[in-house]
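Start from chain A and add chain B according to the hints.
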Amino acid sequence: MKSVLQHNTIQRFFLSSLTFILLLTTQLSAQDGDAKRGKGLFNANCAACHKLDKKLIGPALEGISERRSREWLIAWTKDNAALRASGDADAIAIFEEYNKMPMMAYPQLSDQDIDDIFAYTDNKPEAKPEVGVAIATSAAALGIDSLQVVKGKNIFNANCAACHKLDKKLIGPALGKMIDKRSEDWLKAWIKDNAALRASGDADAIAIFDEYNGSPMTAFPQLSDADIEAIIAYTSHADILSAKTATVASADEGLAKPPKSTAWMTYVVLFVLLLIALWIYFVSKNEFLKLVMTIALLLGAGYYGYLGMMSIGIDQGYKPIQPIAFSHKIHAGDNKIDCQYCHSSAKHSKTSGIPSANVCMNCHKSISEYNGPVTDEKSKAFYDGEIQKIYDAVGWDKDKLVYKENYEQKPIQWVRIHNLPDFAYYNHSQHVTVAGLKCQTCHGPVEEMEEVEQFAPLTMSWCLECHRKTELKVESNEYYAKIHEELSKKYGVEKVTVAQMGGLECGKCHY
Amino acid sequence: MASNKKYWKSVEELNENSSIVAKLRQNEFVEDLPADQFLGDKETLESSATSRRDFLKYVGFSTAAASLAACEGPVIKSIPYVVKPDDVTPGVADFYATSIANGEDFANILVKVREGRPIKIEPNKLAKGSGNTNARVQASVLSLYDNNRLKGPKANGKAIAWDAFDKEITAELNKLKASGEAIVFLTSTTASPSTNKIIQDFTALYGNVEQVVYDAVSESGALDAFEAIYGERALPDYDLSKADVIVSIDADFLADWQGGGFEVGYAKGRVPNHGKMSRHVQFESNMSLTGANADKRYMVKPSEQTQVLLNIYNAVTGNGTAKTTSVDAGLQKVVKQLKAAGSKAVVITGLKDKNAQLVALAINKAIQSEAVNVASPKYIRSGSDAKVSQLLANMKAGKVGALFIYDTNPAYTLNGFAEALKNVNLSIAFSMNEDETASVSKYVATIPHYLESWGDMSVKKGHYGLVQPTINPLFDTRQFQDTILKWIGSSQSYYDYVKAYWNTSILKGKSWNQALHDGIAVNASNAEVTTNEVNIAGAASALASSIKESALELSLYTKVSLGNGQMANNPWLQELPDPITRTTWDNYLLVSRVDAEANGLKNWTVSDGALNGDKVNVTVNGVTVKDVPVYIQPGQAKGSVGLALGYGRSKGINDNMSIGVNAYPFFQNFNTNQAVSIEKVEGVHEFACVQLHHTIMGREAEITKETTLADFVSKPKEEWNAKAHVSQDHQLVGIEKISLWEKFDDTIGTKFNLAIDLATCTGCATCIIACHAENNVAVVGKHEIRVSRDMHWLRIDRYYTSDMTVEKGKEEGIYGSAGFFDAQEHPSDDPEVTFQLVMCQHCDHAPCETVCPVAATSHGRQGQNQMAYNRCIGTRYCANNCPYKVRRFNWFKYFDNNEFDFNMNNDLGKMVLNPDVVVRSRGVMEKCSMCIQMTQATILKAKKEGRPVKDGEFQTACSNACSTGAIVFGDINDSESKITDAKEDDRTFHLLEFVGTRPNVFYQLDVRNTNEA
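Protein chains in written order, with the numbering used here: chain A, 1 to 511; chain B, 10001 to 11013.
Just chain A, same shape as in the assembly (with noise of 0.2 Å):
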């Protein structure tokens, strides 16, 4: 079992820093917009078509709110379109400028985070190295047109990049550089329709497609010749893009360190206080002090005492190291991947499921090396080493792409966070299905989490407490229908509690 840190440094902890970030929220509601969670909403939204100080798919946006009002800022980023067919004149200027590319629209964002992003985008962005300007040098000495290589980029993540690497055979051929071996029009021809291509008698398509057992590729009738164009271009000359990554990862490292402990400031304190109770009892000669300074003591060896029998068999906190250091933060958080994706029984059981091996292979056949930012703990050759550890579970060769014949496949054994007793019955799909309780409110921030560790405190109090303040979920469900006008009825109220539909009941989750 992992130490987990003592409660009190990481209450006091807390405290401090919530000291510290409610101070820094109030100087900085004083503006429009968070530039911090701006620069966020920034990456995940903009960043694929703008940036700051260059033109990419779509202008750059750098100081944009000095160019145009908050208002129609905000409609456009919502729906550019209808702002267009408003006839707005500037709208339609800039459709026509990018060659009628229509912006996607993002109704989800609020105009909260719209301010946030502008907040963002009017900051001078801090000194660092400027890798757009970095990749047009690059590019322009190269001569090749930088903007075709980020818009085939785009059009090989959406099209090809389920079966293709540029680097490695996947589904099919590494593509890396293809234009070395094919011609361009036998790429176009083949890209669009290569059944046609193969029943024409090309000689290489028949080839191909015999090498990759008579698979034949899906058919991308709907790619222009431009859009095969910028492919090739991404395909010859992605390592003008690498360079970018490698430089923002190496700009957010300094953002990773620690903050510093407070916890020496407690221990100052304990030592001050052992100093004076020694002085008392030693020194001094007053009795009465003596006298209150044992009830004092007697009182908090009480306190204490009391507090640490209670906390006996509560493992808040819990934070066991697991076989593979699995991140739900990349996973859940960075990509985005639904829970139930991987914990998908937790809709049907009454367990969430630890996922197997085999849905880890979903996506991890393609995905065999870390790409995404690193640190002086965790390397590059760290992740990979860690995904490695699903190869060898289910016997994976990632050069050959095969599951290896014969072999011994090896259970990943995970150290279970979350012990319920045996005695106490809970039902996952109860609380997810049927409630619709999102799996963050009993499981904390796991999106955050880099390691998994227990959020709440399962204790008894702790579920009854929700089952008495939470409202039962009776919409669209016909089972409720009868049993909740009538208990509504009987409570005198609007929407039943579990409690009051028998939540609480012994017999509900001990049998």
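Worth flagging that the hints you see were computed from the coordinates, not collected in a lab. Predicted model, so just to flag it, every value in this text is computed and none were measured. Possibly wrong hints are sitting among the right ones.
To be verified - Have a look at the derived ranges for each label pair, beta carbon to beta carbon:
#	chain 1	residue 1	chain 2	residue 2	range
1	B	Asn10870	A	Leu307	16 to 26 Å
2	A	Gln388	B	Glu10953	29 to 39 Å
3	A	Lys482	B	Val10713	38 to 48 Å
4	B	Gly10923	A	Gly300	34 to 44 Å
Unchecked claim - Here are some, though not all, of the chain B residues that point toward chain A, as calculated from beta-carbon distances under 10 Å:
#	residue
5	Ile10079
6	Thr10750
7	Phe10994
Ideal Cβ positions, reconstructed from N, Cα and C, are used throughout, including at glycine.
Frame of chain A; chain B shown alone:
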């Protein structure tokens, strides 16, 4: 009036001065906590080396140690599948339709599988008739996890690999083929069309091959008789719902007679419908389950039973000669009723003789009985005594080159087999355990359990069942059929073989997947029944001349628990109380009171309520079995004794289940009836009998209710089902008007009620095993049962009642006197029997709830009395305050405890545990929860699907297992439900209604058809 009858559970209760009975009535626990042993004796205390200070030190140290140990939680691993099968969702049960066909029990079943482990057998309600389970079928899932199973094949007692095994055997087989020596398959009734075909394929290859079918408890007489008349080796089917008069001569058709399965039809006729119900008369020597349910039971010695049959034959057809019997007066009435009912009557007999069976068939034919179905007969027995005898002779003469023994244990059941086997060169036992036969065979080809196997069966003509595996084979086993296929050089697996066979011969174009899903297939056949002329008169006279009376006659029988003994290593079955004797972990010689007195044999109850008995040596035809315990059975025919088969197994079985005496040495000439002599020997046998346990507060009458059909029809309800009244302000008011407690509102939502119809409950005990399996009830072993610590959550109380009623006693002026019962004879000589299923009654005003100091037991709005084990501190107040005595205390930790070497103490046996129910630990009370895990699961399913629960969806383990529909469970607040109808029935009453506990379990009283004309 029925309620004035005297009911008693044990003969001991008839002894008015029994202090034990008085004590048992007052105390839930006969034994006090043995605190006196260390606190009562002042001297011992003073001389003890442990001082008070030491004691405090130890207490302090252990408290500190315990708290320290509690601080560190254990690291628990969660190990998911590497590749999860698509159809498995951890935590959700899958159900597979399969069939059990083990030579004794044949049924279409559903298997509940959790995470790949079969944990429960349920009836397959799609298969009408053959889809019901009995206690053994329910318990068979535990035999899958039998720790004594063989882990792989063996040759000459040593483990061997299958390849080497095949090589050795095929070499031997080729030698045999060359020399032309006989190869014989000795199998139980497989009823499997595909297996029979594989044996035919084998025969085609090796030439001199014969299959001999052997049933341990043979029905050869009935088969021979049916074959003689109808030309097919099968058993007639009986639909007893079509019979108004059922006359049974020693046929225990509610238990194991001809493979059982007749209770469903029988029960349909046992509920009065428009004033009519069936009349059931039983002639028998042992008190059987069927006799206990009969309207009128005549005690007849085995030799006289034949004459009874002949007399009926004579009366119905005018042929044959009638002779006087001891029951002639009754017999005349029976014959009259039989004739009056005509085609609505049926006569069946359990006599093993072919001629007796011919006569019975002839009687049914003469009255044109509608209940007999010969058009689609049953195939669940096909053994031939003649062929088995011939085989034994051939073996002794050295004429058998190789013997393949499949799914049967003749070294245990067949006299002279082990001796004859020595003359056979090549003997191969296809067996799961190293049983008596496997241990004397040269080779053991270890076969898997049926839950790991493929297969098929044909229960009756046109009705097929599939067997499919529900778990990967646990050990290195191979199916008999796969092995034979290998030996004939086929590359086909048995699965392919079955599938191909079904597609061509049974399904004929219908979907294999559908058949596998349903587990059954039905091909209606319209084949004409052809009958052969058989000389019945000759059979009757041969039968008459075969009667040999002797002073004491033995009648062998099988129990609903162990049956023929093949599942003797199953602790659930060993601990199942026999419905009649209520004795567990034993077989014993059943003796009538008169014979016992004549031989100086006694049963007596010792101070802790346990039963002891004398022992005898039993001799049949010069074969003696020593030290057989004697059980004095009320209702045993004078001059007859009974002994159960299936006990006394010695090989391939746990020591603690190698119990009882082996009665097969008495099963000579395949006849269950034998002349016998007994001789009392020294020694006392200790029974583990639960009949005096949990005595209900000494409330003699009023516990169970019954009435006669005549009263039921003609008298007002109040007379035969009087409601309890109490006095309030000097006025009698109904008990429902008065209560100590405030009534809480139970009209909202679901409110569970359980109905038990005593008229259709046969006492078969299937529900007890179903409850065992569903609720992880612990097996406690013989000693613990003996000291009243059984853990069964539901029990079937068996009450005896005598003819002598209070009214009759008053009329004769002997009521209340000591001579009340001795007036004519002893009441225990010919009692009637009533069964009453008792589990927690889930009282709305529960006495147990109010006395719990820690509120560990409380009431739910859904009507369930809930027990929070983790809260219980074991004061046992609740059990003492329970008027129904249904609470069970965990005196020990029954799992992971070497003292209790049953299934919960080995890794394999634990796999049967239901993961949704807690395994209770030491020091807590437990009891029936009304299967709250099942009701909650049903509710959750409805919630997830967003719909109300439909009637019939709510089930408990017992209600689902009950084949006669005697147990009905449902929502009483659903006005459309079956349970609401049941509650409004006139026969409904609550157990000990006058206590005012308002139970959510109610009963419907038994009705006895005493009409003799």
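What hint numbers does the structure not satisfy? Numbers 2, 7, in rising order.
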